[in-house]
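Here the sequence shown stands for residues -21 to -1, 1 to 300, numbered as in mature numbering (1 follows the signal peptide of the UniProt record, and there is no 0).
Bear in mind the hints are in silico, worked out from the structure with no lab data behind them.
One should not assume that every hint holds.
Here are the simulated SDA-like pairs of lysine to any residue, each with C-alpha atoms no more than 20 Å apart in a straight line [said to hold, decoys possible]:
{"no.": "1", "residue 1": "K269", "residue 2": "G138"}
{"no.": "2", "residue 1": "K246", "residue 2": "I180"}
{"no.": "3", "residue 1": "K229", "residue 2": "S254"}
{"no.": "4", "residue 1": "K57", "residue 2": "Y222"}
{"no.": "5", "residue 1": "K185", "residue 2": "G138"}
{"no.": "6", "residue 1": "K100", "residue 2": "S287"}
{"no.": "7", "residue 1": "K57", "residue 2": "K185"}
{"no.": "8", "residue 1": "K100", "residue 2": "A125"}
{"no.": "9", "residue 1": "K141", "residue 2": "K229"}
{"no.": "10", "residue 1": "K246", "residue 2": "H158"}
{"no.": "11", "residue 1": "K141", "residue 2": "G112"}
{"no.": "12", "residue 1": "K100", "residue 2": "H158"}
{"no.": "13", "residue 1": "K141", "residue 2": "G122"}
{"no.": "14", "residue 1": "K185", "residue 2": "H200"}
{"no.": "15", "residue 1": "K229", "residue 2": "Y160"}
{"no.": "16", "residue 1": "K57", "residue 2": "D221"}
{"no.": "17", "residue 1": "K185", "residue 2": "G112"}
{"no.": "18", "residue 1": "K229", "residue 2": "S215"}
{"no.": "19", "residue 1": "K185", "residue 2": "Y222"}
{"no.": "20", "residue 1": "K229", "residue 2": "G138"}
{"no.": "21", "residue 1": "K100", "residue 2": "D221"}
{"no.": "22", "residue 1": "K185", "residue 2": "D221"}
{"no.": "23", "residue 1": "K100", "residue 2": "T171"}
{"no.": "24", "residue 1": "K100", "residue 2": "E271"}
{"no.": "25", "residue 1": "K185", "residue 2": "L116"}
{"no.": "26", "residue 1": "K246", "residue 2": "G219"}
{"no.": "27", "residue 1": "K57", "residue 2": "G97"}
{"no.": "28", "residue 1": "K141", "residue 2": "D221"}
{"no.": "29", "residue 1": "K185", "residue 2": "N201"}
{"no.": "30", "residue 1": "K229", "residue 2": "T257"}
{"no.": "31", "residue 1": "K100", "residue 2": "N84"}
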Amino acid sequence: MGNLHAVKAVVLLCVVTLWFGEEAVGMTSQEAAQINSLLEQAVAKVQHLNARVVNNQDLFVAVVQSAPRWKPIDGSMKYVSVGSNGVWGVDHNNAIFYRSGTFENEASSGTDWVNVEGQLKQVASGYAVWGIGTTNLIYTRLGTSARNPTGTAWEQIAGGLKQIDVSSTAYSVWGVNRHDYIYRRVGITADTPAGTHWQNIAGRLKFVSTGSAGVWGANVHNQVFYRTGTYGNEASAGIGWDYIRGQLLKQVSSGDNVVWGVDTNNKVYIREGISPSTPTGTEWRQLPEKMEQVEANPRFQLAWGVNSTDVFQRVAGVPLT
């Protein structure tokens, strides 16, 4: 009879969890934690059942796969970035925030948002933290460390960009200006983390991203491009742009053998099949959620994202199961 009660409990939990799974993105962090706790209890019960029930793979898969894929994070941001300097974001008033507990701990959800002085319309976390001011001035954050993850001051960098991205796995900074001209920062070393000057790269993009999957971007027509020769070598200038067919995206983010993207309807996509032999990948795959912006985790096939009101952390990687 004990096994029968356990089976009933697990089946009931599957129904409850599948219900919440449909609305996982709308849950609060407290609700998500409660569901995850119930899931752990259900899995424990399944593991203690006799062989006849344990062999019922559909039951176990239903419990495991119905867990929320996106974890709600407190706060409201219009842009979020994750890198080795942690998770940073800017809100709808251009206030700047660092997610406590995420410095060199990108897989963590952190604990709370710490306000950092200044105003930016966009921020990028990587080997360093860079940002774009409300008038397209460029800044980098000085003095970030494990002891002081929010750093000490903003230093203005010559030039003007409307969007910028920073790699965590190489000294690589790319950006685009208000005319969609593309630039990469030259001369970055451990001793000169701000680099020395900007190099213009042929082509036009409205958004660019640099990461271990290489340099990717989207143009004004939402066509997606990969910079040849930058996979695993994003600090290089590359040698040309490869047009990636199959999906139009307004924003992309280069990650760990995966590229995340968002289209004009805020549908989320990932580029699968990226590898040293196929740096442009093999196909686009749509995810069920909607986000206004996504940011790939540089070392894990995870991501952060924002919609019009909330922040989310992807807690299930790719390929999806």
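Consistency of the hints with the structure:
1. Straight-line distance between C-alpha atoms of K269 and G138 comes to about 34 Å, which puts the hinted pair past the 20 Å bound.
2. For the hint linking K246 to I180, the alpha-carbon distance of about 29 Å lies beyond 20 Å, and the restraint is violated.
3. For the proposed pair K229 and S254, the alpha carbon gap of about 23 Å is over 20 Å, so the pair is violated.
4. Annotation: proposed proximity of K57 to Y222 is violated, straight-line Cα distance about 28 Å (limit 20 Å).
5. Between K185 and G138 the CA atoms are separated by roughly 17 Å; this keeps the pair inside 20 Å, and the hint holds.
6. A distance of roughly 15 Å separates the Cα atoms of K100 and S287; the hinted pair therefore holds under the 20 Å criterion.
7. Note on K57 and K185: the hinted pairing holds, with a Cα-Cα distance of about 18 Å set against a maximum of 20 Å.
8. Using a Cα cut-off of 20 Å, the hinted pair K100 and A125 is violated, with the two alpha carbons roughly 25 Å apart.
9. Of the pairs offered as hints, the one joining K141 and K229 holds, with about 15 Å between alpha carbons and a cut-off of 20 Å not exceeded.
10. As the CA atoms of K246 and H158 are separated by approximately 26 Å, the hinted pair breaks the 20 Å bound.
11. This hinted pair checks out: K141 and G112 have alpha carbons roughly 8 Å apart, not beyond 20 Å.
12. Between K100 and H158 the alpha-carbon distance is near 17 Å, which keeps this suggested pair within the 20 Å criterion.
13. With a CA separation close to 24 Å, the supplied pair K141 and G122 exceeds the 20 Å bound.
14. Taken as a hint, the K185 and H200 pair is honoured in the structure, with Cα atoms around 9 Å apart against an allowance of 20 Å.
15. The suggested pairing of K229 with Y160 holds, with an alpha-carbon distance near 16 Å, which does not exceed 20 Å.
16. For the given pair, K57 sits about 30 Å from D221 by alpha-carbon distance, which is inconsistent with the 20 Å threshold.
17. For the suggested pair K185 and G112, the alpha carbons sit about 17 Å apart, so the restraint of at most 20 Å is met.
18. For the proposed pair K229 and S215, the alpha carbon gap of about 24 Å is over 20 Å, so the pair is violated.
19. A hinted pair counts as satisfied when its Cα atoms are at most 20 Å apart, and K185 with Y222 qualifies at roughly 15 Å.
20. Note on K229 and G138: the hinted pairing is violated, with a Cα-Cα distance of about 24 Å set against a maximum of 20 Å.
21. With a C-alpha separation of about 29 Å, the suggested pair K100 and D221 falls outside the 20 Å cut-off, and the hint is violated.
22. In summary, the hint linking K185 to D221 is supported, as the alpha carbons are separated by about 16 Å, within the 20 Å threshold.
23. For the given pair, K100 sits about 25 Å from T171 by alpha-carbon distance, which is inconsistent with the 20 Å threshold.
24. The hinted pair formed by K100 and E271 meets the criterion: a straight-line CA distance of about 15 Å does not exceed 20 Å.
25. As the CA atoms of K185 and L116 are separated by approximately 17 Å, the hinted pair is consistent with the 20 Å bound.
26. With a CA separation close to 28 Å, the supplied pair K246 and G219 exceeds the 20 Å bound.
27. The suggested pairing of K57 with G97 holds, with an alpha-carbon distance near 16 Å, which does not exceed 20 Å.
28. Restraint check for K141 and D221: the C-alpha separation of about 23 Å exceeds 20 Å, so the hint is violated.
29. For the given pair, K185 sits about 9 Å from N201 by alpha-carbon distance, which is consistent with the 20 Å threshold.
30. A hinted pair counts as satisfied when its Cα atoms are at most 20 Å apart, and K229 with T257 does not qualify at roughly 23 Å.
31. Distance check on the hinted pair: K100 and N84 sit about 24 Å apart at the alpha-carbon level, beyond 20 Å; violated.
Hint check: violations occur at hints 1, 2, 3, 4, 8, 10, 13, 16, 18, 20, 21, 23, 26, 28, 30, 31; the rest are consistent with the structure.
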